Amino acid sequence: MNNTVNKKYDALALLSGGLDSILAMRTVMDQGLSVLGLHYVTPFFGKAHLIPFWKDHYGIEVVAVDICQQYVDMMLDGPSQGYGKWLNPCIDCKITMLSHAVELLTEYEAEFLISGEVVGQRPMSQREDALNLITKRAVVRDVLLRPLCAKKLPSTPMEASGLVDREKLHDWYGRGRKEQYKLAAHYGFTEIPTPAGGCCLTEANGAARFVQLLIHKTRPTPNDFALARVGRQYWAGSHWLTFGRTAADNAQVEACLQSSDSTLKVQGFPGPLAVCRPVAEEWDAKAIEDAAALVASYSTKARKHAEKTGEHITVRVQCGEEWHDINVMPSRDNLLDWTEPKPEIVKAWKKDLLEADR
Numbered sequence: 001m002n003n004t005v006n007k008k009y010d011a012l013a014l015l016s017g018g019l020d021s022i023l024a025m026r027t028v029m030d031q032g033l034s035v036l037g038l039h040y041v042t043p044f045f046g047k048a049h050l051i052p053f054w055k056d057h058y059g060i061e062v063v064a065v066d067i068c069q070q071y072v073d074m075m076l077d078g079p080s081q082g083y084g085k086w087l088n089p090c091i092d093c094k095i096t097m098l099s100h101a102v103e104l105l106t107e108y109e110a111e112f113l114i115s116g117e118v119v120g121q122r123p124m125s126q127r128e129d130a131l132n133l134i135t136k137r138a139v140v141r142d143v144l145l146r147p148l149c150a151k152k153l154p155s156t157p158m159e160a161s162g163l164v165d166r167e168k169l170h171d172w173y174g175r176g177r178k179e180q181y182k183l184a185a186h187y188g189f190t191e192i193p194t195p196a197g198g199c200c201l202t203e204a205n206g207a208a209r210f211v212q213l214l215i216h217k218t219r220p221t222p223n224d225f226a227l228a229r230v231g232r233q234y235w236a237g238s239h240w241l242t243f244g245r246t247a248a249d250n251a252q253v254e255a256c257l258q259s260s261d262s263t264l265k266v267q268g269f270p271g272p273l274a275v276c277r278p279v280a281e282e283w284d285a286k287a288i289e290d291a292a293a294l295v296a297s298y299s300t301k302a303r304k305h306a307e308k309t310g311e312h313i314t315v316r317v318q319c320g321e322e323w324h325d326i327n328v329m330p331s332r333d334n335l336l337d338w339t340e341p342k343p344e345i346v347k348a349w350k351k352d353l354l355e356a357d358r
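Residue 325 in UniProt numbering sits at position 325 of the sequence shown, and the numbers go up by one each step.
Hint data in this document are derived by calculation from the structure and do not stem from the laboratory.
Incorrect hints may appear among the rest.
Claimed, not checked - Simulated restraints, written as ranges between beta carbons of each label pair:
| id | residue 1 | residue 2 | range |
| --- | --- | --- | --- |
| 1 | Leu50 | Ala285 | 42 to 52 Å |
| 2 | Lys168 | Asp56 | 48 to 58 Å |
| 3 | Thr221 | Ala48 | 11 to 21 Å |
| 4 | Gly237 | Thr194 | 49 to 59 Å |
| 5 | Ser155 | Gly237 | 56 to 66 Å |
| 6 | Lys178 | Thr339 | 19 to 29 Å |
| 7 | Glu109 | Thr221 | 17 to 27 Å |
| 8 | Lys136 | Lys301 | 16 to 26 Å |
| 9 | Glu344 | Lys301 | 31 to 41 Å |
| 10 | Lys55 | Pro270 | 30 to 40 Å |
| 11 | Val41 | Lys217 | 35 to 45 Å |
| 12 | Pro343 | Gly237 | 14 to 24 Å |
| 13 | Lys168 | His57 | 17 to 27 Å |
Predicted model, so just to flag it, every value in this text is computed and none were measured.
For every residue, glycine included, the Cβ atom is placed at its ideal position computed from N, Cα and C.
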């Protein structure tokens, strides 16, 4: 149960878990104001499992906020300000979160919002013009405070009213981290989060996985994107095969399973859990068998056993409650042309997108 819902806060803060967002919260808390961190979770970022650690180590209150569908809708409808180097819609990302956060002010009886941005720190989303655009599009001009760079920006209503003391806010600017580390040391933080927010949309390989999905499915679901993050990703035309590299991957694959999925599991040997997800066409028996041979090749003991004895390996195929076993030889020389998504497809996809919009 979320015991923060019935508690009143002075402010709500966007809390990524990065150092800037933590310091922004603590800066306002130092003025005797109560602040609740909103940790937004999407298929592309979110570390809700760290909330207990953040509370104990940084002395902040945080609640996880699921905006998976809203975020995916923004991505699929086309971010108004475009993408960064890969598939990151950084400006629209912040607009989406702030637009959602402002609607929560009444629920928590809070007066204003906090964001950990620093003018000039990030080239796409933290230029001064970008910050102004974000504020305008999210309709938060009168309720948003950026404590780390407040003295570089015009005074807000919260400062003008005396609710927040402007003199106790910061005037940070640019990409340097010296002031952040100094303040973190002042608070006694022994573990310093990395500056990166952990968004896989900013990564070449992550972007490639998602673009491959977007090529074959017009409107993927949050579950589709979550599955695309896991383990190994192989495509043969519109046949989409996912399987784990580790036990943790296998658990994530299992968590993403849907009723229409078929799973593949090597019998008698340790190996990955694989899922065959229908996208544009159903999987026929030949495609399933081909995928099973590929998956079996990633079970080291099964592959070595087959090489030594010449015996086939049993793979269990299951869809819902129905299952059957097939026998295959582990192989990466397959009938179908299984390939992993490559970063090169991202630029080509973005180029096609721009041309289609003209």
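Given the hint of 48 to 58 Å, is the C-beta distance from lysine 168 to aspartate 56 inside that range or not? 25 Å, violated
Check: Given a hinted range of 49 to 59 Å, is it respected by the beta-carbon distance of glycine 237 and threonine 194?
Finding: Once the Cβ atoms are compared, 38 Å apart, the range 49 to 59 Å for threonine 194 and glycine 237 is violated.
Quiz item: Taking 30 to 40 Å as the hint, is the beta-carbon distance of lysine 55 and proline 270 inside that range?
Solution: 37 Å Cβ-Cβ, so the 30 to 40 Å window holds.
Check: Between lysine 178 and threonine 339, does the beta-carbon spacing fit 19 to 29 Å?
Finding: 45 Å, violated
- Given the hint of 17 to 27 Å, check if lysine 168 and histidine 57 actually sit that far apart at their C-beta atoms. 23 Å, holds
_Just to be sure I understand the hint, the distance between the Cβ atoms of serine 155 and glycine 237 should be within 56 to 66 Å; is that true here?_
58 Å, holds
Using the beta carbons of glutamate 344 and lysine 301, state whether their distance is inside 31 to 41 Å or not.
35 Å, holds
| query | Are lysine 136 and lysine 301 spaced within 16 to 26 Å by their CB atoms? | reply | 59 Å, violated
(Q) Assuming the hint says 42 to 52 Å, is it satisfied by the Cβ distance from leucine 50 to alanine 285 or not? (A) The hinted range 42 to 52 Å holds for leucine 50 and alanine 285, with Cβ atoms some 44 Å apart.
- Query: Range hint 11 to 21 Å: satisfied by the CB atoms of threonine 221 and alanine 48?
  - Reply: 20 Å, holds
Q.
Is 35 to 45 Å respected by the C-beta to C-beta distance linking valine 41 and lysine 217?
A. 22 Å, violated
| Range hint compliance [Cβ, glutamate 109 to threonine 221, 17 to 27 Å] | With Cβ atoms ~34 Å apart, the hint is violated.
The structure fails to meet hints 2, 4, 6, 7, 8, 11 from the earlier list, while all remaining hints are met.
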